[in-house]
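Peer 1: Given next are the chains, with one letter for each unit.
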Amino acid sequence: MNAFDLTEDQHDCLQELINVAMGQASDQLARYLDTFVYLKVPSIEQVRSEHLFDSLNHDLKATAIVSQGFFGYEGIRGEALLMYQPLDSNRLADLLGYEADELSFDEQMIDLSSILTTTFLNVFASQIDNQMSYSAPRLLSTNLTKVNEHIQQQSFNWDFALKVKISYQVTDYSFNCDMVLLIPEEAINNIKAVIDRILADF
Amino acid sequence: MLNELCGDLSNRLNTGILILDNNFKILMWNRFLEVHANKSDKQVIGKSIFTVFPELPKKWFERKLSSVLQLKNQSFCGWEQRHHLFELSHSRPITTDSDFMAQNCTFLPIEVKGEVERICILIEDVTDVCHYQTQLNKVLQELALSNRIDGLTQAFNRKHWEECLAAEFSRAQRYKQDLALVMLDLDQFKLLNDTYGHQGGDKVLIDIAEVINGLLRMGDLFGRYGGEEFAVILPNTGLTGANDVAERIRKAIASNAIEYQDKNINATVSIGVAVMDEYDTRYEDIISRADIALYKAKNSGRNQVCLAKERIIS
Numbered sequence: 003m004n005a006f007d008l009t010e011d012q013h014d015c016l017q018e019l020i021n022v023a024m025g026q027a028s029d030q031l032a033r034y035l036d037t038f039v040y041l042k043v044p045s046i047e048q049v050r051s052e053h054l055f056d057s058l059n060h061d062l063k064a065t066a067i068v069s070q071g072f073f074g075y076e077g078i079r080g081e082a083l084l085m086y087q088p089l090d091s092n093r094l095a096d097l098l099g100y101e102a103d104e105l106s107f108d109e110q111m112i113d114l115s116s117i118l119t120t121t122f123l124n125v126f127a128s129q130i131d132n133q134m135s136y137s138a139p140r141l142l143s144t145n146l147t148k149v150n151e152h153i154q155q156q157s158f159n160w161d162f163a164l165k166v167k168i169s170y171q172v173t174d175y176s177f178n179c180d181m182v183l184l185i186p187e188e189a190i191n192n193i194k195a196v197i198d199r200i201l202a203d204f
Numbered sequence: 399m400l401n402e403l404c405g406d407l408s409n410r411l412n413t414g415i416l417i418l419d420n421n422f423k424i425l426m427w428n429r430f431l432e433v434h435a436n437k438s439d440k441q442v443i444g445k446s447i448f449t450v451f452p453e454l455p456k457k458w459f460e461r462k463l464s465s466v467l468q469l470k471n472q473s474f475c476g477w478e479q480r481h482h483l484f485e486l487s488h489s490r491p492i493t494t495d496s497d498f499m500a501q502n503c504t505f506l507p508i509e510v511k512g513e514v515e516r517i518c519i520l521i522e523d524v525t526d527v528c529h530y531q532t533q534l535n536k537v538l539q540e541l542a543l544s545n546r547i548d549g550l551t552q553a554f555n556r557k558h559w560e561e562c563l564a565a566e567f568s569r570a571q572r573y574k575q576d577l578a579l580v581m582l583d584l585d586q587f588k589l590l591n592d593t594y595g596h597q598g599g600d601k602v603l604i605d606i607a608e609v610i611n612g613l614l615r616m617g618d619l620f621g622r623y624g625g626e627e628f629a630v631i632l633p634n635t636g637l638t639g640a641n642d643v644a645e646r647i648r649k650a651i652a653s654n655a656i657e658y659q660d661k662n663i664n665a666t667v668s669i670g671v672a673v674m675d676e677y678d679t680r681y682e683d684i685i686s687r688a689d690i691a692l693y694k695a696k697n698s699g700r701n702q703v704c705l706a707k708e709r710i711i712s
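Top line first, the protein sequences correspond to chains A and B. Heads up, our numbering is the position in the first sequence plus 2, with the first residue counted as 1. Heads up, our numbering is the position in the second sequence plus 398, with the first residue counted as 1.
No wet-lab data here; the hints were simulated from the structure. Since we're looking at a predicted model, the values are computed, not measured. One thing to keep in mind: the hints can contain errors.
[Said to hold, decoys possible] EDC-like cross-link-like pairs, simulated, lysine to aspartate or glutamate; straight-line CA separation at most 16 Å: (1) B/K661 <-> B/D600; (2) A/K167 <-> A/E18; (3) B/K456 <-> A/E101; (4) B/K457 <-> A/E101; (5) B/K457 <-> A/D96; (6) B/K456 <-> A/D103.
[To be verified] To give an idea of the chain A side of the interface with chain B (calculated C-beta under 10 Å), a few residues: (7) R33; (8) Q70; (9) L98; (10) S137; (11) A138; (12) L141.
[Stated by the list, open to error] Between beta-carbon pairs, the in silico distance windows are: (13) B/Q575 <-> A/R140: 27 to 33 Å; (14) B/K456 <-> A/G25: 33 to 39 Å; (15) A/E101 <-> B/E515: 27 to 33 Å; (16) A/G25 <-> B/T413: 50 to 56 Å; (17) B/L411 <-> A/N192: 26 to 32 Å; (18) A/T173 <-> B/L637: 49 to 55 Å; (19) A/Q171 <-> B/N545: 39 to 45 Å; (20) B/L411 <-> A/G25: 37 to 43 Å; (21) B/N654 <-> A/E104: 50 to 56 Å; (22) B/L411 <-> A/G99: 29 to 35 Å.
Note that beta-carbon positions come from the ideal geometry of N, C-alpha and C, so glycine has one too.
When you get a sec, could you build the whole thing from the sequences and use the hints?
Peer 2: The structure is reproduced here in structure tokens:
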């Protein structure tokens, strides 16, 4: 246990905010992509910096990771990691509504990542009367071992982060990916303040 | 007053600002774009973005912007995926070789009463970043290559060659494919060195490597195994095929006079050939059989090819 642990009420409230945001986001995505998008119930947990690698590795054997930073008012910020498994690139272009030869596979992944991240976080932000800005999405690596090395070699300047994991499934295109939102220590306190305000309003 | 200031500011930014309506007509742009596109307001304002910038990939662009309009999301397009969208001049025309400005573009929805009626495109000049990143990638590639190459002969070095053999060995085992190994040793290299000096010896090694390289097929992996010893991995090749390759190499080297300081050096090689068999458990097993065959070729008078015996285990 540590100072950043959420109380049961705080945890439930955050879970509820995320569930609602997920529902709206999947609805928007389904309209835009013209196919059903299934989202599994998200998990919320805290990770220590030294366990980040194990925790990511445990989730799935990703072959590519796209990172996108997000930041809103009241010090709410973090990094979204979209983790992809091996998949058929032509199907991904189909899903996005592009011709396969119009854009490279990397660009397809980055485009989809940006759509998934911003759609979810925009809805989430509007629920807490906030507004998000985003950095340009970046492909960290298309090779997991390199991502592992990248993450393992870093000495982080944070101890704890809040980790929210949401799995996306697009069955019509037999496509899966995980979105992992990592919120650094400082921002957790800011989120807790927002949650407390919401709880007080009830 | 503040409006004026904002207008002035947008014209001083080193970032392009372009505002479109939802039919892709240009409503506004700033000085940065005016200068780098070298077009006047009259040619641009009120016109379709596809008329002003015919270089845009129209279908892709429309789909990209549809996500901004429909999902009210920010969207991005980075130089690493697309070097540029707009053909613009840039700020390093002299010291880089880039024809057009490398760009990071951001597409922002501008909502009016809950509906997206305008799209703002921000265009950053990242020619600099692109230039240095490209240089860095080139150096990293060269570094990776020089880690694998033997400096004298330009063949793979021992370490990399063995890694290749290990990979080919497990691939051949997995898919039940043939795999052959050719080991060559330059005959009487010590004598060559004593006669022509070490530089003469080096010249022989360089020329021989070149001859061998010219005789190999795509997919064959050629390395310098030791001092005057070379080795070739032949994937998907049986004993007969490997013997053909080995003979071709032997004859080519024997008939190729190497010029060194107005003298002709005649070099020959002894060759041992082995193929993977079902009893091999490690790639080293093939090396030892090829090695034994090589020494047999040496002991039988050099300048010849010897095949490793097929193992019959009852």
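Peer 1: Next step is simple, just say for each hint if it's right about the structure.
Peer 2: Each hint, compared with the structure:
The suggested pairing of B/K661 with B/D600 holds, with an alpha-carbon distance near 15 Å, which does not exceed 16 Å. Taking the CA atoms of A/K167 and A/E18, the gap is about 14 Å. The hint holds against a cut of 16 Å. Distance check on the hinted pair: B/K456 and A/E101 sit about 12 Å apart at the alpha-carbon level, within 16 Å; holds. Using a Cα cut-off of 16 Å, the hinted pair B/K457 and A/E101 holds, with the two alpha carbons roughly 9 Å apart.
Annotation: proposed proximity of B/K457 to A/D96 holds, straight-line Cα distance about 14 Å (limit 16 Å). The suggested pairing of B/K456 with A/D103 holds, with an alpha-carbon distance near 14 Å, which does not exceed 16 Å. Hint status for A/R33 relative to chain B: holds, with the closest Cβ pair at about 7 Å, below 10 Å. This hint holds: A/Q70 has a C-beta 9 Å from the nearest C-beta of chain B, less than the 10 Å allowed.
The beta carbon of A/L98 comes within 7 Å of a beta carbon in chain B, closer than 10 Å, and the hint placing it at the interface holds. Hint status for A/S137: holds, given a least beta-carbon distance of 9 Å to chain B, under 10 Å. Against a cut-off of 10 Å between C-beta atoms, the interface hint on A/A138 holds, since the closest Cβ of chain B lies about 4 Å away. Using the Cβ-Cβ criterion of 10 Å, the hint placing A/L141 at the interface with chain B is satisfied: the shortest such distance is roughly 7 Å.
In this structure the supplied range 27 to 33 Å is violated for B/Q575 paired with A/R140, their Cβ-Cβ distance being about 40 Å. The hint said 33 to 39 Å for the Cβ distance between B/K456 and A/G25, and at roughly 35 Å that hint holds. For A/E101 paired with B/E515, a C-beta distance near 28 Å keeps the hint of 27 to 33 Å intact. Checked against the hint of 50 to 56 Å, the C-beta distance between A/G25 and B/T413 comes to roughly 37 Å, which is inconsistent with it.
About 30 Å separates the C-beta atoms of B/L411 and A/N192, a value consistent with the hinted range of 26 to 32 Å. With their beta carbons about 51 Å apart, A/T173 and B/L637 fall inside the hinted range of 49 to 55 Å. Separated by about 42 Å at the C-beta atoms, A/Q171 and B/N545 satisfy the suggested range of 39 to 45 Å. Between B/L411 and A/G25 the beta carbon distance is about 39 Å. The supplied range of 37 to 43 Å therefore holds.
Separation of B/N654 from A/E104 is about 51 Å and conforms to the stated range, judged on CB atoms against 50 to 56 Å. Between B/L411 and A/G99 the beta carbon distance is about 33 Å. The supplied range of 29 to 35 Å therefore holds.
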